[in-house]
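**Student:** Chain residues, written in single-letter form:
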Amino acid sequence: MTAMPQPRRAKRKKPASLSEFLCRESVAGYMFISLFIIGFLVFTIIPMIASLYLSFTNYNILGDAKWIGIANYVKMFTRDSKYLKSLSVTFFYAFVSVPLKLLMALIVAMIMTRQSRVTGLYRSVYYLPSIIGGSVAVAVMWKQLFASDGVINSVLQALSINSTKSWIGSRDSAIWVLILLTVWQFGSSMLIFLAGLKQIPKTYYEAATIDGAGKVRGFFSITLPLLTPTIFFNLVMQTINGFMVFNSGYIITQGKPLNSTLFYALYLYQKAFTDYDMGYACAMAWVLLVIIGLMTALLFSSSKRWVFYQGAR
Amino acid sequence: MTHMGMKKQRMISSVVYHLLVAAFGFIMIYPLLWMVMSSFKESSTIFREAHRLIPESFHFENYTNGWRGFGGYTFGTFFKNSFIISVTASIGAVLSSAIIAFGFARLRFPGRNIWFTCVMMTMMLPFQVVMIPQFLIFQQLNWINTMLPITVPYFFGQAFFIFQNMQFIRGIPMELDESARIDGCSYYGIFVWIILPLIKPSIITTSIFSFMWRWDDFFGALLYLNSPSKYTLSIALKMFSDPSAQSDWGAMFAMSTLSIIPILVIFLIFQKNLTDGIATEGLKE
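Going down the list, the sequences are from chains Z and L. 1 is the number of the first residue of the first sequence in our numbering; add one for each residue after it. 1 is the number of the first residue of the second sequence in our numbering; add one for each residue after it.
Chain L extracted, bound-state conformation (with noise of 0.2 Å):
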């Protein structure tokens, strides 16, 4: 084959390779599209014309008719709920996470295997073995119906950013540690002012992944929320999608946009975090 022919026929393959997989990229983010272009189509028209994508005009009353809520509450009160619950719980599962790890990591003491064998099992644990004893515990402390029980138990490490945080701690030299020591900083100190800055990136994926999980949480605020003022927005949304409460599907799907939003931003400003925690680590969800 001529210099020539092998040219143009990489040239096919290429150009055949990139439409398959722009089109089938298209077909795997068609369902998102449809439903944020369903939410400026006319209400009424959502389903008559569903196999049409882009809309014959924008419009915008989707929004502001979905915006007022249900229940006396506007999706306001629904947002501020998700956030303030996604930020505690994110902040307290960060935290107590980084400093776990450090124990683990660098520290020895009679017994750490086994405390570490019991972090790797509450990874597999199903929630349904603790589900209803800590639902009693919770109901006993009055708690239910409050944002406690979805955030308090956040502030005691999770397993999968305790694991991320020691691998990280791991690739500090230890020279760094052994430095500080002689100089007179004790293990806190070691801590506070060598690993927690140096441990940074790990802090932001912890951080990321955390408020995510968190803000898509539905099975929490099933169990402990149960009137409006203390909705998150994926409850609300649930809610709000249940035939008996209204068939407004404009709103449905404006109000469903606007909830994905937060995590697309995110996913757009820290993607390169994201596709790295998730290759080094294998998080999941």
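One chain only, chain Z, in its complex shape (with noise of 0.2 Å):
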């Protein structure tokens, strides 16, 4: 009975030569991506699990952490007002400047569908901004431009509308300078709806125009539909990004006047690097993970009832 396994384990002992064993393809295949997971492992799982455990900590950088329990998200939701600021500002932020860009990229990519020699200009031009946006040199020129002696007020000086306020100083307009900054770089999303657009049928347009349906109906009743999957994949993405937002309240606005632009993620960035506060900004960080995902989540299981994939039921 146990003599039939024999051989074959022997013949399995036998070693395979190196190159044998490096040339199966579910060997090559890890060593293909044994970078990816390298990487991961080191600087994602890892990390997650200990900025996990941090979060239930009070760790400074210099003492050992010590357990504190949920006493981090606590104080978040009951004691610090400067975070739930923070929190509300980012919805804010999110909430208005990701539908407004949107809405900027696909009114301005169905006016780019109109073929003419210099379309491939308007397209860079509009483009532009998106490529150079997110750069400190903007975010610089970007702070003047609103400043009371800026260019705007100038302009307008120059209009006679006699204006000193500085946008960026004052609590009701330092937001809306830097949703401006977002909306301003609709460009990359117009030109995903722009190849969105490229690929409905030019046979369904004719087939409506048979049938009597002018353009704005045209629009309606069949650019929209078949454009959901694209404006979906946008509003993913760019509702994620919207959450993340750092640079332009840092650089622009350092979160004030009065906590008025205080992003999640530069309260975040204080805590850890400033008030060095770093069990309280793991959990907040941890907070900000349930919210992206909450959000995707939500985005998803709405997907299916405005998204229309071609083919699909």
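Note that these hints are calculated values from the structure, not bench results. Here a beta-carbon is modelled for each residue, glycine too, at the ideal position from N, C-alpha and C. Hints are not guaranteed to be accurate.
Counterexamples of contact, computed for chain L against chain Z with all Cβ distances above 12 Å [stated by the list, open to error]: (1) GLY76; (2) ARG106; (3) ILE203.
Computed from the model, here is a short list of chain L residues facing chain Z with C-beta under 10 Å [what the hints assert, rightly or not]: (4) MET11; (5) VAL87; (6) GLY157; (7) SER186; (8) PHE191; (9) TRP193; (10) SER234; (11) LEU258.
Two independent chains are provided; combine them into the complex using the hints.
**Tutor:** Encoded structure:
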């Protein structure tokens, strides 16, 4: 009975040459993705576990981390009004800037579909702000545009509207300056929409025209439904980015005035690297992860109702 | 309506269209033009004449003043640092992503779907969740104030680039691989000799995006670089713009203008790759 498996095992034990081993498809597969696996463990999984642990501690980088249970989380929602402010600022920013940006991108993409010799040039001009918009140079420039002696006021005065208001120094307008900077960078979303528009077969519109549908009807009955997968993709990516906004709040307004531009990521950074309250900052990061996860899940579950995939019912 | 009338009407609508689109385009890039033009104005007049776009006379001293930098280092140092970091991180990100993408796109192995889900997860994961432990790890390694924390992690693949390369590799007919296998070419040989030359367009696209993103990266530099000799352009510009450091806005705008020139040049040369890359994959940022 036991004699039978013996030779097979012996055969297995015979060492396959290294190159034979490496040429097995599954081994080769793991060889190719090994870099990702190493990086994923070292830079994502281990730090995630560490940060989850730290979120339940009081840790200020110098001493040891002291376990305090859920105290950080409790403090966030009960005793830290600045935290709640940063939460509301970030939600407001994301919910205003993302739809505005996508609306802008869609409108301009529709306008761009009209072919002419200079369409390529227009497209580049509209796309340019997306390319350099994230740079410090642009953030600093944006700050000066809306300063009390900046371009905006200067132009307003030239139009004999007397304005000496500092747009970034005022609680009502500061956040809008940052929203405008985001909306200004609608170019990359516009390009994604343009690609989506190109994929809609011309015959649909021809058929609609024969049926007597006008341009407006064509837009709402053909273009918009067939574009919903693209809109959905943009919406998910932009919303995620919206919740993680940092640079503009840090460089242009430093969260001021009166915390009216205190983005979540900015407050988190201050907690971690100004106050060295690292445990608290980790707890904030985990709440951010949950918020982004929930928003994404919400978008995905709502998508069944409004996203139409061609060929699928 | 007569034929002539229709033609005329079409022409008018075309003129109106181009006027509106061009005017709006001008407003869009006006802030950039203003920044560039301000760098040629006399520093003290920039805000007095903020409404005027074209300077009365062109001054170049802002460039020489700004170039002197601060903390004993010129902008030459900051440019050099930015360049070294961007190129190193990009080489790492582009090559590792191509290798990883081949594994996912062409090879079957147990656990592939789970690992691919992990790739997608890293795309949606807020950096803040790993930021602090990463910082502590790099601190233990004595990597703070070196370029290592902002280059080494890119050598382990970037989700967007893995995804982009996978899409591209999937478009290459399998028969090419199979014929190579019959010839005795291993998976590694197939990747190096067959796939790698064929995905050149995708390598170019990812290289451009990677370089531009690294060039613009501010947060990494803010976290890890803390002496002027190590500063990249983005952190140097931020320090340079702080009111406590100086208020020479002419010099500030001159250095800002210089800092975006590499990006502009890449944009002009590779425009087509960029727009196609965006269009097919929805690469963003």
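**Student:** Need the list of violated hint numbers for this structure, in ascending order.
**Tutor:** 2, 4, 5 and 9
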